[in-house]
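J.: As given, the protein sequences belong to chains P and B, one line each in that order.
As numbered in the working numbering, residues 683 to 843 make up the first sequence, in order.
As numbered in the working numbering, residues 4 to 126 make up the second sequence, in order.
Hints listed in this document are in silico derivations from the structure and should not be mistaken for laboratory results.
Please note that a few of the clues may not be correct.
Sample of chain B residues with no beta-carbon within 10 Å of chain P, all distances over it, derived [said to hold, decoys possible]:
| id | residue |
| --- | --- |
| 1 | Asp21 |
| 2 | Thr44 |
| 3 | Lys53 |
| 4 | Lys54 |
| 5 | Gly57 |
| 6 | Thr66 |
| 7 | Lys69 |
| 8 | Gly71 |
| 9 | Gly79 |
| 10 | Glu86 |
| 11 | Trp89 |
| 12 | Ile90 |
| 13 | Asp105 |
| 14 | Ile107 |
| 15 | Ala109 |
| 16 | Leu111 |
Heads up, simulated DSS-like pairs for lysine-lysine below, C-alpha to C-alpha not over 25 Å straight-line [what the hints assert, rightly or not]:
| id | chain 1 | residue 1 | chain 2 | residue 2 |
| --- | --- | --- | --- | --- |
| 17 | P | Lys809 | B | Lys69 |
| 18 | P | Lys721 | B | Lys54 |
| 19 | P | Lys794 | B | Lys53 |
| 20 | B | Lys69 | B | Lys54 |
| 21 | B | Lys53 | B | Lys69 |
Part of the chain B face toward chain P, derived, beta carbon under 8 Å [as the list claims (entries may be wrong)]:
| id | residue |
| --- | --- |
| 22 | Ala17 |
| 23 | Glu43 |
| 24 | Gln46 |
| 25 | Leu104 |
| 26 | Val108 |
Even glycine gets a Cβ: it sits at the ideal position worked out from N, Cα and C.
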Amino acid sequence: MRNPTTVERTSEREIVVTRTFNGPAHVVFEAWSRPEYIKRWWVPSSFGMTFVSCEADVRTGGTYRFVFSHPAAEQPMAFFGRYIDVTPPSRIVWTNEEGADGPISTVTFEEKDGQTLLVLRELYPSKQALDDAIASGSTGTSGASEQFELLDELLVSLASP
Amino acid sequence: MVQLRHAPLDVSFAALSDPTRRGILERLGQADASITDLAETFQMTLTGMKKHVGVLEQAGLVTTAKVGRVRTCRLGLRRLEEEAAWIERYRQLWDARFDVLDEIVAELNRGDKSKDRKERPTP
């Protein structure tokens, strides 16, 4: 059975992602945190990116470094940070340090009746930081073409009597 | 388009009634630009350019984002629509990730159960 994924902006500074998994918390924790599994799930094949390297020392005080390549990017992209708090099998907190004003991410695994509710909270340092993340995330090609369509339509409606 | 139905058209018309603002849109159609770039291109003060960009932003024709110390302007959807679109794309990313995580959890679960069976044979 495939469970739904929800994403919500719960405050000016926070995005929350949820999903329920059909398995106990210790299993979801293991799947989430071991590098050989991270390599499989962090970069979905449909996004066209591939892992160049994946290092993750999922312990309090440990660090991670994910490096990806994409056919459209000349240089590989690196994402890195530190694990601030790791409490198996219920909680992992880490920083995102590849850019200024990155969020603090907290994932929790809550087991109930053999299923696990995963809640990922990404808390940005300010409203502006989250707004800017959203704005820069929509400069991709699909976003830009929507914007041009919108503008086209406006200009056509202006030109008509 | 769906977005247009919700856009306040009179605000958009007012924004487009000015030749400088139409010029700004044409310019941003070629590439994103900072307020300073735009002020230079249109030989205008920063304050004057900020006002024009503000009107275009209000109309949902332009969005601005601060990158470092520079505020960059680009053709854009209205903020709420843009945010909804971003959230949906973000949801699709996590949904795809979680589908793979589902498979891994199922594999690990099977491993757990086969271990259980070894310890406690099923009748």
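J.: Run every hint past the structure and note whether it holds.
T.: Here is what the structure says about each hint:
1. Once the 10 Å rule is applied to beta carbons, Asp21 of chain B is consistent with being away from chain P; the minimum gap is 13 Å.
2. With a least CB separation of 19 Å from chain P, Thr44 of chain B remains clear of the 10 Å interface cut-off, as annotated.
3. No beta-carbon of chain P comes within 10 Å of the beta-carbon of Lys53 of chain B; the shortest separation is about 17 Å.
4. At roughly 21 Å from the closest C-beta of chain P, the C-beta of Lys54 of chain B stays outside 10 Å, upholding its exclusion from the interface.
5. In this structure Gly57 of chain B is separated from chain P by more than 10 Å, as the shortest Cβ-Cβ distance comes to about 16 Å.
6. A Cβ of chain P approaches the Cβ of Thr66 of chain B within 10 Å, the least distance being about 6 Å, so the stated non-interface status is violated.
7. In this structure Lys69 of chain B is not separated from chain P by more than 10 Å, as the shortest Cβ-Cβ distance comes to only about 6 Å.
8. With a least CB separation of 8 Å from chain P, Gly71 of chain B falls inside the 10 Å interface cut-off, contrary to its annotation.
9. Here Gly79 of chain B does not stay apart from chain P, with its beta-carbon only about 6 Å from theirs, under the 10 Å limit.
10. Not every C-beta of chain P lies more than 10 Å from that of Glu86 of chain B, the closest at about 6 Å, which undercuts listing it as non-interface.
11. Here Trp89 of chain B does not stay apart from chain P, with its beta-carbon only about 5 Å from theirs, under the 10 Å limit.
12. Non-interface call for Ile90 of chain B relative to chain P: violated, since the shortest CB-CB distance, roughly 5 Å, does not exceed 10 Å.
13. At roughly 6 Å, the least C-beta separation between Asp105 of chain B and chain P is not larger than 10 Å, which violates its mark as non-interface.
14. Taking the minimum C-beta to C-beta distance to chain P, about 4 Å, the non-interface status of Ile107 of chain B is violated against the 10 Å cut.
15. Chain P draws Ala109 of chain B into its interface by the beta-carbon criterion, the shortest separation being 7 Å against a cut-off of 10 Å.
16. Consistency note on Leu111 of chain B: stated as away from chain P, yet its beta-carbon is not over 10 Å from all of that chain's, at 5 Å minimum.
17. Restraint check for Lys809 of chain P and Lys69 of chain B: the C-alpha separation of about 12 Å stays at or below 25 Å, so the hint holds.
18. The straight-line distance between the Cα atoms of Lys721 of chain P and Lys54 of chain B is roughly 48 Å, outside the 25 Å bound, and the hint therefore fails.
19. Taken as a hint, the Lys794 of chain P and Lys53 of chain B pair is broken in the structure, with Cα atoms around 54 Å apart against an allowance of 25 Å.
20. As the CA atoms of Lys69 of chain B and Lys54 of chain B are separated by approximately 17 Å, the hinted pair is consistent with the 25 Å bound.
21. Our distance criterion of 25 Å between C-alpha atoms is met by Lys53 of chain B and Lys69 of chain B, whose separation comes to about 14 Å.
22. Violation of the interface hint for Ala17 of chain B is found here, the shortest Cβ-Cβ separation to chain P being roughly 12 Å, above the 8 Å cut-off.
23. Look at Glu43 of chain B: its Cβ only gets to about 22 Å from chain P, farther than 8 Å, so that hint breaks.
24. At about 24 Å, the closest approach between the beta carbon of Gln46 of chain B and any beta carbon in chain P exceeds 8 Å, and the interface hint on this residue is violated.
25. Hint on Leu104 of chain B holds. Least Cβ distance to chain P is approximately 5 Å, under the 8 Å limit.
26. Hint on Val108 of chain B holds. Least Cβ distance to chain P is approximately 4 Å, under the 8 Å limit.
Checked against the numbered hints given earlier, this structure breaks hints 6, 7, 8, 9, 10, 11, 12, 13, 14, 15, 16, 18, 19, 22, 23 and 24; the rest are met.
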